[in-house]
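S.K.: Here is what each chain is made of, one letter per residue.
There are 2 protein chains.
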Amino acid sequence: MADINSRIEMPVTTGALPGSRKIHIAGTLFPDIRVAMREVALEPSAKEPPVRIYDTSGPYTDDTASIDIAAGLPALRMPWIEARGDCERYPGREVKPEDNGIFGGLKQPEVQQFPNVNPMPWRAKGGQAVTQIAYARRGIITPEMEYVAIRENIGRAQLAGQIRDGEDFGAEIPDYVTPEFVRSEIARGRAIIPANINHPEAEPMAIGRNFLVKINANIGNSAVASSIAEEVEKMVWATRWGADNVMDLSTGRNIHNTREWILRNSPVPIGTVPIYQALEKVGGIAEDLSWEVYRDTLIEQAEQGVDYFTIHAGVRLAYVPLTANRVTGIVSRGGSILAKWCLSHHKENFLYTHFEEICEIMRAYDVSFSLGDGLRPGSIADANDRAQFAELETLGELTQVAWKHDCQVMIEGPGHVPMHKIKVNMTKQLETCGEAPFYTLGPLTTDIAPGYDHITSGIGAAMIGWFGCAMLCYVTPKEHLGLPDRDDVKVGVITYKLAAHAADLAKGHPAAQLRDDALSRARFDFRWRDQFNLSLDPETALNFHDETLPAEGAKVAHFCSMCGPKFCSMKITQDVRDYAAKQNTETMLAAGMAEKSAEFRAKGGEIYLPAVG
Amino acid sequence: MADINSRIEMPVTTGALPGSRKIHIAGTLFPDIRVAMREVALEPSAKEPPVRIYDTSGPYTDDTASIDIAAGLPALRMPWIEARGDCERYPGREVKPEDNGIFGGLKQPEVQQFPNVNPMPWRAKGGQAVTQIAYARRGIITPEMEYVAIRENIGRAQLAGQIRDGEDFGAEIPDYVTPEFVRSEIARGRAIIPANINHPEAEPMAIGRNFLVKINANIGNSAVASSIAEEVEKMVWATRWGADNVMDLSTGRNIHNTREWILRNSPVPIGTVPIYQALEKVGGIAEDLSWEVYRDTLIEQAEQGVDYFTIHAGVRLAYVPLTANRVTGIVSRGGSILAKWCLSHHKENFLYTHFEEICEIMRAYDVSFSLGDGLRPGSIADANDRAQFAELETLGELTQVAWKHDCQVMIEGPGHVPMHKIKVNMTKQLETCGEAPFYTLGPLTTDIAPGYDHITSGIGAAMIGWFGCAMLCYVTPKEHLGLPDRDDVKVGVITYKLAAHAADLAKGHPAAQLRDDALSRARFDFRWRDQFNLSLDPETALNFHDETLPAEGAKVAHFCSMCGPKFCSMKITQDVRDYAAKQNTETMLAAGMAEKSAEFRAKGGEIYLPAVG
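Quick mapping for you: the protein sequence lines, in order, are chains C and G.
Going by the working numbering, the first residue of the first sequence is number 8, and it counts up by one from there.
Going by the working numbering, the first residue of the second sequence is number 8, and it counts up by one from there.
Check the hints yourself; a few may be wrong.
As the list claims (entries may be wrong) - Taking lysine-lysine and the DSS-like style, the derived pairs with C-alpha atoms no more than 27 Å apart in a straight line are:
| # | chain 1 | residue 1 | chain 2 | residue 2 |
| --- | --- | --- | --- | --- |
| 1 | G | K54 | C | K435 |
| 2 | C | K430 | G | K430 |
| 3 | C | K132 | C | K411 |
| 4 | C | K132 | C | K114 |
| 5 | G | K430 | G | K354 |
| 6 | C | K29 | C | K54 |
| 7 | G | K114 | G | K132 |
| 8 | C | K354 | C | K411 |
| 9 | C | K430 | G | K132 |
If you are wondering where the hints come from, they were derived from the structure by calculation, not from laboratory data.
Remember, predicted model here, so these are calculated numbers, not experimental data.
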């Protein structure tokens with residue numbers, strides 16, 4: 008197990024994963040950038056180079072890094088932001104008691120303020136756009152773009168010229184990702200790099216149909232349970248296992264302070280749903296929400312460094328009654344807040360009417376839009392109904408508005424959808440939203456398995472990822488039932504990592520299969536340690552193996568408990584291989600097997616191979 | 008938790024699932040048959056009838072049944088078998104020490120013999136076929152067929168005439184399943200009813216593309232671990248959670264006695280891989296296998312009542328070297344045993360050369376063929392290769408031979424297959440094997456998640472089930488790592504139940520969505536108990552809920568821990584519903600929402616509903 012860093016009151020998990028070390032690759036256009044990756048060393052008997060793996064875990068898994076959560080992570084993007092010269096520091100908004108859910112005076116937030124909060128946040132000079140899409144459209148390749156290119160390219164160089172396999176449903180996945188390719192994808196809005204200028208600690212990553220499929224993990228406190236220590240560790244924990252992004256869905260008290268701790272220590276982009284905090288500020292009464300309160304919340308969170316906002320601007324007054332005859336009505340929390348507001352005031356959604364003003368805020372900090380699907384279906388019965396698609400069409404309209412303002416945009420999607428209705432969701436989103444990245448929750452392919460909805464949704468997630476979905480929002484085993492704990496977060500993340508990887512394989516991402524092949528070779532050679540270390544969850548793989556065969560010797564033994572020591576199918580396969588090799592397989596294949604095989608001669612081959620290592 | 012029956016040395020889990028009771032539906036053509044189903048009662052506030060659920064668990068979940076494992080289950084099919092008058096009792100084969108893996112005299116098996124083993128098994132008179140397909144082809148509807156029809160029809164009557172939804176890829180799923188439809192599907196070989204005349208305890212079930220997707224759970228001891236008590240309880244445990252079939256993959260000692268205990272107490276069909284026991288009889292040396300030993304093993308197991316045999320007759324000598332260049336060679340245990348035999352003797356697979364003699368045995372007891380895929384891919388790299396498809400073509404040829412002999416047949420499939428290569432497996436199997444039922448292991452859609460292969464394979468299983476696969480062989484979290492324990496078996500079964508159900512939904516099975524809708528209505532109404540009781544795993548759903556909100560009151564509270572008591576999206580949706588109802592939604596929908604919505608009037612509706620019950 009990893010060490011626990013106990014230098015401060017808030018312990019987080021640190022230490023490299025088994026058999027792994029952190030490496031850094033320098034840029035070419037920008038030699039000072041150092042792209043972090045994980046490298047898994049294999050046993051000498053493998054005679055294979057180490058396997059490089061896309062790494063979301065940041066410095067926490069770098070044994071050479073010193074972690075101090077009270078100081079936060081290094082601001083790796085700060086020099087790049089300053090060098091662009093289009094931003095300025097200014098006195099940030101004063102933190103108000105209600106930012107932490109405190110009303111009526113004296114009471115202090117239970118969560119201490121992050122030490123050294125920056126009082127002078129960055130903002131664009133003179134209302135210009137300091138977004139990655141603005142630079143991309145001007146033909147500028149940013150360090151963020153080269154970072155992403157190097158990160159996405161892991162393993163591709165060695166496969167140059169190899170024939171590719173897969174069905175990409177019209178995606179345009181390159182053999183090799185150049186910084187220019189990243190720029191062009193950002194420029195046309197087909198990918199985003201969530202990168203608030205006030206979150207320089209984050210390592211750049213891309214969300215787009217032509218890049219590796221990404222996953223998001225949600226964390227957050229709640230009115231009923233949870234604590235700050237749990238929340239920050241949940242972020243570290245989720246990224247340790249592979250979360251590309253983390254959304255902080257906190258509600259109730261201490262939201263502002265909790266968010267600051269998470270942002271200053273997060274190596275991945277952080278998203279939020281600002282309407283949640285805005286609702287807290289008006290005492291939880293949806294009718295009392297106003298554009299002013301919401302706008303103030305956007306500024307508050309943009310200054311802190313939130314990288315993307317879920318904004319339910321597509322929940323239009325006219326669509327709300329379309330949900331009346333649903334089995335599960337409106338299940339999106341943000342969607343229902345806005346539906347309540349619209350009905351109470353008989354007014355159009357204020358996020359829709361003020362959308363251009365929102366764009367002006369987003370572009371000044373490079374906060375990406377995650378246009379929320381407030382009317383997503385909450386059951387199989389409600390999938391793909393008029394309410395859902397009416398909102399999607401509005402999100403397509405708003406995408407064009409956001410792009411006009413040089414804002415980065417992704418689109419949120421369902422929800423609960425049976426398998427035969429998933430493809431049309433992807434196709435319709437691509438058509439309606441101009442190929443802006445799609446970001447879906449699951450979808451869950453049946454309603455009948457509460458307690459296993461990481462799996463019912465993992466099925467839908469793998470499929471829609473294959474069809475073109477750019478990011479998959481994880482679902483934990485506690486979905487519909489309660490708040491996920493540490494183990495639930497891990498299970499949710501691993502489930503979505505395997506779903507995203509299954510999608511990358513099916514899409515034919517050039518190097519996706521390298522890790523499968525390396526692990527399968529290790530499996531066939533009985534290199535147990537390599538098999539564990541190459542897996543998504545080495546600890547669980549090792550523990551499951553040891554439950555049946557705890558002996559250390561078993562890890563180098565040429566059998567497993569499925570067949571036992573006396574007989575093993577993989578050992579016999581080795582005989583077949585040796586045998587066929589002796590017979591010059593190539594010739595036989597050419598000449599036709601059936602005839603030649605009659606001529607075989609027995610070789611009483613020893614079926615027990617010497618143990619490895 | 009359910010009670011533990013401790014009347015005998017071998018305890019098994021009994022008792023109804025929460026909120027459920029066993030009911031029985033009488034036949035029409037055969038009034039004496041009583042088809043067992045589970046009925047879940049809902050809270051009075053639901054104002055809904057009980058929900059009927061397909062039930063694989065047999066008398067163990069019937070609180071009115073008395074369970075005595077030493078006596079075995081009632082032989083419900085015995086009168087039907089006797090009434091046909093085409094079978095005769097005869098002195099069965101003598102049990103030999105080597106049947107239990109005992110060699111060289113005195114040693115007794117550790118597992119006691121089942122009390123009252125029947126010394127006079129049934130067999131067809133005069134070598135005729137006593138198979139369900141033989142009857143079906145003669146136009147005879149058997150009690151087994153009517154039993155299946157009633158069982159498959161749950162919920163369909165109430166949906167008569169409803170427009171169906173789904174994509175069935177050319178399947179021919181009827182709105183209503185008649186006994187004649189079952190007969191016709193059996194007659195053309197498109198479905199099977201595994202029903203050995205010596206396993207009269209089993210409740211008839213169908214495996215076929217036009218019936219509900221079924222799942223199989225594997226159990227078995229091994230050379231390294233496990234015990235008889237665990238194995239029999241595993242069968243009871245697996246069927247409790249929904250296993251439609253169970254395969255006993257035991258190896259090593261006590262195989263014969265263990266199998267007898269399982270068969271006499273199993274309410275579901277039992278399958279085996281006879282080559283495993285045959286190998287034990289020759290001391291584990293594949294080269295020493297012979298047709299005589301294998302034939303003797305088929306008789307031994309057919310007399311005990313095994314319902315289907317996995318027979319790897321498609322592993323032809325000519326195909327073996329085709330696996331030489333694979334990443335993971337031959338991973339099927341049966342396949343590698345036969346490959347070893349073929350290479351050692353330079354002879355064609357004796358299961359292939361003696362196939363017609365095997366058919367004569369199968370038809371005399373109505374043991375169904377499960378033609379094994381001994382060359383299935385064991386890694387993503389090996390998927391859909393020449394070796395795999397060459398064997399599949401041979402299985403298609405053998406299917407015709409088996410049908411010629413009036414034998415029931417299904418075909419086994421992979422294995423490890425990336426998502427984009429799954430569909431062609433199904434299409435090719437349907438074409439090659441004349442629509443004989445396909446029975447696949449997963450397939451696993453990536454190799455990199457050992458410890459989570461119930462999920463990597465659940466994704467592939469749901470997809471191939473949708474495409475037309477008739478039965479899905481489960482994979483547990485321990486796959487590739489060790490032997491599944493009780494919890495692993497449950498997780499594997501539940502994962503495959505949800506995958507099979509997701510497939511039924513996508514195929515458009517008429518009544519599949521009834522359970523989803525009932526559960527979703529319960530979720531929307533905050534009928535927590537109903538939500539738990541309608542789920543695949545009520546215990547886990549309840550436990551997860553209670554981890555966050557243990558108070559009994561919370562189970563009738565109108566909120567959950569995700570949002571807390573102050574705010575809940577589903578409560579707001581209720582406002583929307585009430586509101587829209589007041590405004591006469593229908594009219595508005597007709598007249599067009601956008602215009603009308605501007606006319607809405609606020610009703611400050613109370614958003615807290617009275618607690619249920």
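S.K.: None of the hints should be skipped; say for each whether it holds.
M.R.: Consistency of the hints with the structure:
1. Between the alpha carbons of G/K54 and C/K435 the distance comes to roughly 38 Å, so the proposed pair goes past 27 Å and is violated.
2. Note on C/K430 and G/K430: the hinted pairing holds, with a Cα-Cα distance of about 15 Å set against a maximum of 27 Å.
3. Of the pairs offered as hints, the one joining C/K132 and C/K411 holds, with about 19 Å between alpha carbons and a cut-off of 27 Å not exceeded.
4. Distance restraint check for C/K132 and C/K114: the Cα-Cα separation of roughly 37 Å exceeds the 27 Å cut-off, and the hinted pair is therefore not satisfied.
5. Note on G/K430 and G/K354: the hinted pairing is violated, with a Cα-Cα distance of about 34 Å set against a maximum of 27 Å.
6. Between C/K29 and C/K54 the CA atoms are separated by roughly 21 Å; this keeps the pair inside 27 Å, and the hint holds.
7. Of the pairs offered as hints, the one joining G/K114 and G/K132 is violated, with about 37 Å between alpha carbons and a cut-off of 27 Å exceeded.
8. Distance check on the hinted pair: C/K354 and C/K411 sit about 26 Å apart at the alpha-carbon level, within 27 Å; holds.
9. Between C/K430 and G/K132, the direct Cα distance comes to roughly 54 Å. Violation of the 27 Å bound is thereby established for this hinted pair.
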